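Trainee: As given, the protein sequences belong to chains A and B, one line each in that order. As numbered in my numbering, the first sequence has no gaps in its residue numbers, which increase by one up to the final residue, 1564. As numbered in my numbering, the second sequence has no gaps in its residue numbers, which increase by one up to the final residue, 116.
Treat the hints with caution; some may be incorrect.
No more than 25 Å apart at the CA atoms, straight line, and that leaves these computed lysine to any residue pairs for SDA-like [claimed, not checked]:
hint, chain 1, residue 1, chain 2, residue 2
1, A, LYS1491, B, MET51
2, B, LYS59, B, SER72
3, B, LYS73, B, SER29
4, B, LYS103, A, PHE1478
5, B, LYS59, A, ASP1548
6, A, LYS1491, B, THR27
7, B, LYS5, A, LEU1496
8, A, LYS1516, A, PHE1478
I should point out that these hints are in silico values taken from the structure, not numbers from a laboratory. Predicted, not measured: the structure shown is a model, and the values here were computed from it.
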Amino acid sequence: GAVVSQHPSRVICKSGTSVKIECRSLDFQATTMFWYRQFPKKSLMLMATSNEGSKATYEQGVEKDKFLINHASLTLSTLTVTSAHPEDSSFYICSARDPRNVLTFGAGSRLTVL
Amino acid sequence: QKEVEQDPGPLSVPEGAIVSLNCTYSNSAFQYFMWYRQYSRKGPELLMYTYSSGNKEDGRFTAQVDKSSKYISLFIRDSQPSDSATYLCAMSGGYSSASKIIFGSGTRLSIRP
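Here chain A stands alone, though its shape is the one from the complex (with noise of 0.2 Å):
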């Protein structure tokens, strides 16, 4: 079946510096793959849209130059979230489309900004 790696499982930083995230899809290509940020107890929340070779589609209220996203080929998207604080802490989830049409998710990342 599909699988979505991702990388970190878990992240603690101190406030100010940078923090990449990778996605990568294992066992298929994906053009688009997807990030999501989820609050405790709350549902997902879609940040971006990673498209390969081309520029993510941020969601409103998203902040580009706060998280970065670059999809530099078909089996890998990374989320870099600059200049952390702590109000960026929060379980980022990425996944991907894969070739039944439905979402497949990565075990998810959760950042811890000090």
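Start from chain A and add chain B according to the hints.
Mentor: Only chain B this time, still in chain A's reference frame:
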């Protein structure tokens, strides 16, 4: 009005009960319907997906789609404590990558031993 409405719960039922989870939607263009299960601090995992109307069964899980009523359901038979999780419905209008997948807010389900 939200495109997809889902009761957030929490829903608590005894072990062995039949669970019914539901979503309503407003966009008649939706054709692909999915149910995801999410355990705490994990990414959602796909449980069921269906295209257009009808029923689909997989083990203890049955997904139903009624496009005329814009209503989808997930039934869980012989519920187990391991089924305790948040269940999210999702739907999409088309096959292309340009078609957004819209999620419900999720229903928190607890199965009491």
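Trainee: Taking the hints in turn, state whether each one holds.
Mentor: To see whether the hints hold, each was checked on the structure:
For a cut-off of 25 Å, the pair hint linking LYS1491/A to MET51/B stands: about 22 Å separates their Cα positions. Restraint check for LYS59/B and SER72/B: the C-alpha separation of about 18 Å stays at or below 25 Å, so the hint holds. For the suggested pair LYS73/B and SER29/B, the alpha carbons sit about 7 Å apart, so the restraint of at most 25 Å is met. At most 25 Å may separate the alpha-carbon atoms for a hinted pair to count; LYS103/B and PHE1478/A meet this at roughly 20 Å.
Under the criterion of a C-alpha separation no larger than 25 Å, the hint pairing LYS59/B with ASP1548/A is consistent with the structure, at around 20 Å. Proposed proximity of LYS1491/A and THR27/B is supported: the alpha carbons are some 21 Å apart, at most 25 Å. With a C-alpha separation of about 15 Å, the suggested pairing of LYS5/B with LEU1496/A holds against the 25 Å cut-off. For the given pair, LYS1516/A sits about 29 Å from PHE1478/A by alpha-carbon distance, which is inconsistent with the 25 Å threshold.
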